[in-house]
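Next come the chains, spelled out residue by residue.
Protein chains: 2
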Amino acid sequence: MTARLTIALDVMGGDRAPAIVIDGANIARERFPNVDFLMVGDEQRIEPLLARLPLLRKVSHVLHTDKSVSSDEKPSTALRNGRRSSMRLALDAVADGRAAAAVSAGNTGALMAMAKLSLRTLPGIDRPAIASIIPSQRGETVMLDLGANVTCDAQNLLQFAIMGDAFARAVLGLTNPTIGLLNIGAEEMKGREELRQAAILLRESPLAAQFHGFVEGNNLSTGSVDVVVTDGFTGNVALKTAEGTAQLIVHFLRESFKSSIWARIAYVLMRPALTQFRNRVDPRRYNGAVFVGLNGIAVKSHGGTDGLGFANAIGVAVDMAMHGFIDKIRSQVAVLQATSADPTPAVSLAP
Amino acid sequence: MTARLTIALDVMGGDRAPAIVIDGANIARERFPNVDFLMVGDEQRIEPLLARLPLLRKVSHVLHTDKSVSSDEKPSTALRNGRRSSMRLALDAVADGRAAAAVSAGNTGALMAMAKLSLRTLPGIDRPAIASIIPSQRGETVMLDLGANVTCDAQNLLQFAIMGDAFARAVLGLTNPTIGLLNIGAEEMKGREELRQAAILLRESPLAAQFHGFVEGNNLSTGSVDVVVTDGFTGNVALKTAEGTAQLIVHFLRESFKSSIWARIAYVLMRPALTQFRNRVDPRRYNGAVFVGLNGIAVKSHGGTDGLGFANAIGVAVDMAMHGFIDKIRSQVAVLQATSADPTPAVSLAP
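Protein sequences appear in the order of chains S and D. When you line the first sequence up against the numbering used here, it's residues 17 to 367, in that order. When you line the second sequence up against the numbering used here, it's residues 17 to 367, in that order.
Read the hints as simulated data drawn from the structure, not as lab findings. There may be inaccurate statements among the hints.
Any copy will do: because identical chains look the same in the list, a pair fits if it lies in one copy or spans two.
Cross-link-like lysine-lysine pairs, in silico, DSS-like; alpha carbons within 27 Å at most [claimed, not checked]:
hint, residue 1, residue 2
1, Lys90, Lys344
2, Lys132, Lys344
3, Lys132, Lys274
4, Lys206, Lys344
5, Lys206, Lys274
6, Lys274, Lys90
7, Lys344, Lys83
8, Lys74, Lys274
9, Lys83, Lys274
10, Lys274, Lys344
11, Lys83, Lys132
12, Lys90, Lys74
13, Lys132, Lys74
14, Lys344, Lys74
15, Lys90, Lys206
16, Lys74, Lys206
17, Lys206, Lys132
Everything numeric in this text was worked out from a predicted model, so none of it was measured.
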């Protein structure tokens, strides 16, 4: 019998909270029969929704608070005034061990700031990052950082690689995920200095055998490596560019299907195949970005998602909790620190 | 009667040179009856190809050289040893006024290095950039820098905005193109310092009315602004990410069309509509990146393109030459310098 796992939900976070959070939990309940939910939020609004879902009610515990963080609140304000908010209490439940992970569709900046304060950064990690899965021609790729750090040095990038490796093992179930550093490939412009330094660090690290060197923007989709490491500025631009391009192509495609009577008939014939296509490019499928590098699992859902998308974010949290994501990072950091404690350092930072 | 225009072609540059260059010139000849070609390369290989195309032969002049720059040559080596290469001689023809623009599908790094040396940077411009057009839901967007400068300061970005404005006027025919700075939008992480400074400079510049502030990666495809300004690292990653994503979606789509007998029938019915779709996402359509900020027009074609793609790169060169692209930059720089020569500077670099 599998041990039961508790996931804390910020029921008040997101554009259509609390309804989509409860919907998402109900979908996740079917997928993960060993999961209990700690529902943090306004019980006056949660209880009527749960009353209609007796099976979910049975695996849920409501932690009442009438405070929540608004979507436009500054992280500094949220930190100061949000000690009793649903977001903060969900994270605190992870910090003191009552929950294995927290999921919120609320304000990204506030969630990051609160997660750092409540869960604290792991020893050996200088800066947490945001990681997520993106689709590729070969399956799925882990990418980080997606926006937590606008500039990064070589050490940060090395640490992101360690966290990305643990992510790919926990969520994608890979044994020795390959790792690439996102760079540009044009001749004589071999990218930025910190990337060259990070490549040197990686080649001397315990991840050396998994490190495949530099990759370029198009390799995110070809799936040339399992883990793509970059700074939060570049990662955020790349992720949003990919989302925008996917929407553009689907927009062009939709116009094609309307362009003639034959195309309209074709659309009807193709409907089942197009459903499969739509599922593959559905952003809800890849919902759930993880704040990695903390003493606990915090998952950020898109604010505008629906129940299905929120259930997928819960799924990411469950995968990470069940597969010992945090312990994997801890042990890799320990190995790395043992290596670099060597009195004759094998790593040279000279270009 | 329209004045005739000469375009210099590096006939030996690219994966399938000289054949695709000659093919491209022949397609461009039909589109632009007022264009002559200066074909720089090995006449032993060019003449037999031209012999089969008498109409192209009539508007072409061959400048013989048996030297060319290889695709894997280092820019520094190409600069030193390539003084008589087809690439260099094509650029020199622009420098001394025998041609209005040069087009090459050769080695990007070598072309950039040679173009800087041969054409020199425009007064008032610190660093040239690479600019191109990308498709969007509203039409087309100019993006720069796409890889010439891995790091940029606020002044560089302001100058890129000036060059992007001139590009959009010359190639897209816009009167007051809107301009955005590529940034990330997550809360409390308002992007990089140089971007905030560049935004201040732009708000105080002659382009202030056209400046729409920060845009994000997805805005490249929505077409929220006509010109997107970024550093060469981010621009290169974003461009390649968009290309990779487009390929991924088309890959998923192709699999959908094969997934059942009904989908295969639908494919036949949809063929004309899909041709239109394919044209809209065809990378050849957007072939032709321009090195902007030089005393002359140099256009870089993809190395692996075909005749149609190369013809489009020639088309970009023709548009820029016919619409006074360089003069537009010169006059904007003059206005900007007049503004900043003001004894009480309106521009503060304080954050």
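For each hint, the structure was consulted:
For the identical chains of this complex, Lys90 and Lys344 are neighbours neither inside a copy (33 Å) nor across copies (42 Å), given an alpha-carbon limit of 27 Å. For the identical chains of this complex, Lys132 and Lys344 are intra-copy neighbours only, at 19 Å inside a copy versus 50 Å across copies, given an alpha-carbon limit of 27 Å. In this assembly of identical chains, the alpha carbons of Lys132 and Lys274 never lie at most 27 Å apart, being 49 Å within a copy and 48 Å across copies at closest. For the homomeric pair Lys206 and Lys344, neither the shortest alpha-carbon distance inside one copy (32 Å) nor that between copies (32 Å) is at most 27 Å.
In this assembly of identical chains, Lys206 and Lys274 lie within 27 Å of each other by CA distance neither inside one copy nor across copies; the values are 45 Å within and 40 Å between. In this homomeric assembly, Lys274 and Lys90 never come within 27 Å of each other (Cα to Cα): the closest approach is 44 Å inside a single copy and 49 Å across copies. In this homomeric assembly, Lys344 and Lys83 never come within 27 Å of each other (Cα to Cα): the closest approach is 35 Å inside a single copy and 56 Å across copies. Proximity of Lys74 and Lys274 under a CA criterion of 27 Å is satisfied in neither setting, with 48 Å inside one chain copy and 45 Å between copies.
For the homomeric pair Lys83 and Lys274, neither the shortest alpha-carbon distance inside one copy (48 Å) nor that between copies (52 Å) is at most 27 Å. Taking the shortest alpha-carbon separations for Lys274 and Lys344, neither the intra-copy value of 50 Å nor the inter-copy value of 41 Å comes in at or below 27 Å. In this assembly of identical chains, Lys83 and Lys132 lie within 27 Å of each other by CA distance solely inside one copy; the values are 20 Å within and 60 Å between copies. In the homo-oligomer, the alpha carbons of Lys90 and Lys74 never lie at most 27 Å apart, since the shortest distance is 36 Å inside one protomer and 68 Å across protomers.
In this assembly of identical chains, Lys132 and Lys74 lie within 27 Å of each other by CA distance neither inside one copy nor across copies; the values are 32 Å within and 71 Å between. Neither within a single protomer nor between protomers do Lys344 and Lys74 lie at most 27 Å apart by alpha-carbon distance, with minima of 32 Å and 70 Å respectively. Proximity of Lys90 and Lys206 under a CA criterion of 27 Å is satisfied inter-copy only: 12 Å between copies versus 38 Å inside one chain copy. For a Cα distance limit of 27 Å, the shortest separation of Lys74 from Lys206 qualifies neither inside one copy, at 57 Å, nor across copies, at 43 Å.
For a Cα distance limit of 27 Å, the shortest separation of Lys206 from Lys132 across copies, 19 Å, qualifies, whereas the shortest one inside one copy, 34 Å, does not.
This entry does not satisfy hints 1, 3, 4, 5, 6, 7, 8, 9, 10, 12, 13, 14 and 16, going by the numbered hints stated previously.
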